[in-house]
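Participant: Sequence:
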Amino acid sequence: MKKILLWTLGIVIIAVIGFFAVTRYLSNNWRPLLEEQLKKAVLSSTDSLYRIEYKMLDIHPINGNLKLTNFKLIPDTVVYKKLDAEKAAPDNLYELEVSALVIKNANAKEAVTTKELKVADIIINKPRLIIYNNRRDYNDTVTAKKEHRPLHQLIKDIFKDVNVGQIDLRDIDFTFVNRSNANEKRTSLKNLDITITDIKIDSLAALDKSRVYYTKDVTLNIKDYKIVTPDSLYVVKLENLNFSTSKNLLSLKKVKLEPRLGKNQFHKKLGHAQDRYDLIFNEINIQDFDFDLFLNRQKLYAKTFSINNAKIDVYNNNAYRKIIKNKTGKFPHQQLLKLALDMKIDELKLKDVDISYSEFDKKSKQVGKIDFLNTSGTIKNVVNDKKALDQNSKMVASLKSKIFGRAPLTLKMTFYMNSKIGEFDYHGYIGPFKGTIINQIVKPLGMAEIIDADIKKIEFNVKANQNIARGSMQFYYKDLRVNVLKRDEEGELRKQGLASTLANIFVLNTQNPSLKGEFTNGNIYYVRPAEASFFSFLWKSLFTGIKESVGVSNEREKSLKNTAEAIGNAVKGFKGDFHILKQTLSERKAQRKQKREERKLEKEAKKTQEELSDSIKRN
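The opening position of the sequence shown corresponds to residue 1 in full-length UniProt numbering, with each subsequent residue numbered one higher.
In short, the hints are calculated from the structure, not lab data. It is possible that part of the hints are untrue.
Stated by the list, open to error - Ranges of calculated distance between the beta carbons of each label pair, as one might list FRET restraints:
| # | residue 1 | residue 2 | range |
| --- | --- | --- | --- |
| 1 | 282 | 72 | 32 to 42 Å |
| 2 | 271 | 432 | 36 to 46 Å |
| 3 | 410 | 311 | 13 to 23 Å |
| 4 | 232 | 461 | 40 to 50 Å |
| 5 | 392 | 264 | 14 to 24 Å |
| 6 | 232 | 374 | 26 to 36 Å |
| 7 | 126 | 277 | 29 to 39 Å |
| 8 | 153 | 396 | 40 to 50 Å |
| 9 | 227 | 81 | 30 to 40 Å |
| 10 | 373 | 330 | 49 to 59 Å |
| 11 | 508 | 470 | 23 to 33 Å |
By construction, the Cβ of each residue, glycine as well, lies at the ideal position given by its N, Cα and C atoms.
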């Protein structure tokens with residue numbers, strides 16, 4: 001048994017030594033040939049635009065393994081300038097550095113004679129890739145004159161066909177340098193993985209419509225990406241990004257814009273009022289995403305852009321000073337036109353989006369809040385690309401939501417993208433709700449309180465631009481009663497009894513239509529102050545219609561202000577007269593008291609004198 005074991009071990013050792021010797025012999029003889037073919041392939045397939053360098057090439061022809069150490073793909077700038085002069089240069093130039101590139105199970109030996117290369121896997125760990133983009137007009141698909149040869153023709157002198165099972169690029173350090181504009185801009189990504197599956201390069205694969213760039217699938221994945229915004233106020237976070245060419249789908253999970261400071265610290269640091277955003281988009285899907293157009297021309301073209309399960313929280317604090325900025329020309333659809341990224345999205349879909357705006361009020365010392373919950377709908381033709389706008393210049397939003405989670409809202413907005421003054425129109429419907437639900441914004445920000453109101457429905461129709469809004473409102477309600485509030489000495493909001501009574505009896509229509517069946521239409525007319533934002537413009541325009549519907553027209557509001565001023569002056573005058581009367585009575589009271597004291601002193605002096613006289617007489 002012992003002898004058998006020794007013989008077995010001896011045979012294994014001899015076999016290992018023999019395998020090593022044969023592998024080394026083949027490696028030493030095939031390396032120069034393969035190195036020559038590899039470098040020739042790169043030069044030929046890139047029209048001499050790129051060359052490769054590496055420190056060491058480790059080849060194992062028997063098992064088909066190869067390892068390149070310190071591999072570099074280097075562009076030749078002289079060749080690039082020559083191609084540019086000939087109007088034949090590509091838009092993108094690539095630089096690649098890899099510490100190690102591993103090829104597994106390649107038929108390197110057979111491929112030299114058969115010209116048919118087969119590789120099971122290629123693994124590239126921690127590559128550093130830089131793409132320099134410099135768009136050339138002559139590369140436009142419509143005007144380009146040069147006919148670029150397909151990849152299989154570029155390598156035909158070396159290989160008849162190439163088959164690769166999978167290429168894995170792991171933990172990529174990616175930088176995109178945009179030199180197409182006046183100012184160079186860099187965008188960097190880390191923790192990027194790319195998997196390329198089933199690569200087949202031959203004349204038939206070039207015609208296979210199920211393949212993209214000769215591949216069955218390319219998947220791109222980014223995990224746990226985050227970056228601080230330039231103003232250092234926020235952190236952008238991304239849990240996962242995944243793109244697949246076979247599915248033609250780009251998916252993003254848990255995209256966040258997180259403030260780096262709490263609400264109080266945020267405004268304390270700024271020193272002025274400014275919206276604070278806290279955003280989370282749990283799921284974003286971009287379907288039929290044109291990856292080729294995005295990579296080569298930096299244009300975002302897609303059929304659908306879906307946002308599912310998102311929360312948008314905006315907070316401000318008006319106790320801090322306001323910085324007045326001219327916001328003319330900065331409406332959302334106008335800002336879309338100014339984006340550096342050209343886009344054409346057929347349909348933007350929203351599902352289960354909660355939108356909240358809250359504001360701390362300096363006067364009431366409370367936070368007012370309005371919620372639009374379960375917002376869903378579509379925005380069609382989200383476009384800023386000029387050629388696409390020439391075909392269709394209208395962007396249409398159709399949305400449904402619940403105000404404070406209760407009052408159903410239906411809204412349709414049309415934006416005219418080619419308008420020089422930002423024209424848009426909107427109409428909507430708000431279903432039945434109890435008016436008391438809006439106290440959480442009216443009470444802190446409006447210093448008023450809805451005691452009761454049965455809202456039947458609100459319909460509105462508005463045409464607007466960046467300067468003015470005109471339209472009409474039909475506001476159906478009954479049993480409207482309000483309290484006018486003020487802050488007392490202890491800081492609590494208290495009812496102003498007289499003002500509340502006057503408002504309910506003489507100012508407001510308690511119902512619409514009235515008991516006589518007369519309906520009050522709300523006229524909408526509002527001129528936007530230059531510093532007003534888009535959403536401020538919307539709600540203040542609608543508020544003019546609400547005021548008229550409840551009986552406070554512009555003329556009546558002016559009259560009420562004049563009456564209030566007169567009453568105020570009268571009260572002020574009465575207070576002044578009362579103060580004088582009170583002061584006079586006080587002075588008279590003091591005079592009477594002084595006279596009583598004087599008479600008392602006189603009596604005491606007289607009594608003392610009489611007692612003194614009696615004493616003298618007795619003595």
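Participant: Which of the listed hints are not met by the structure?
Facilitator: Per hint list: 5 and 10 violated.
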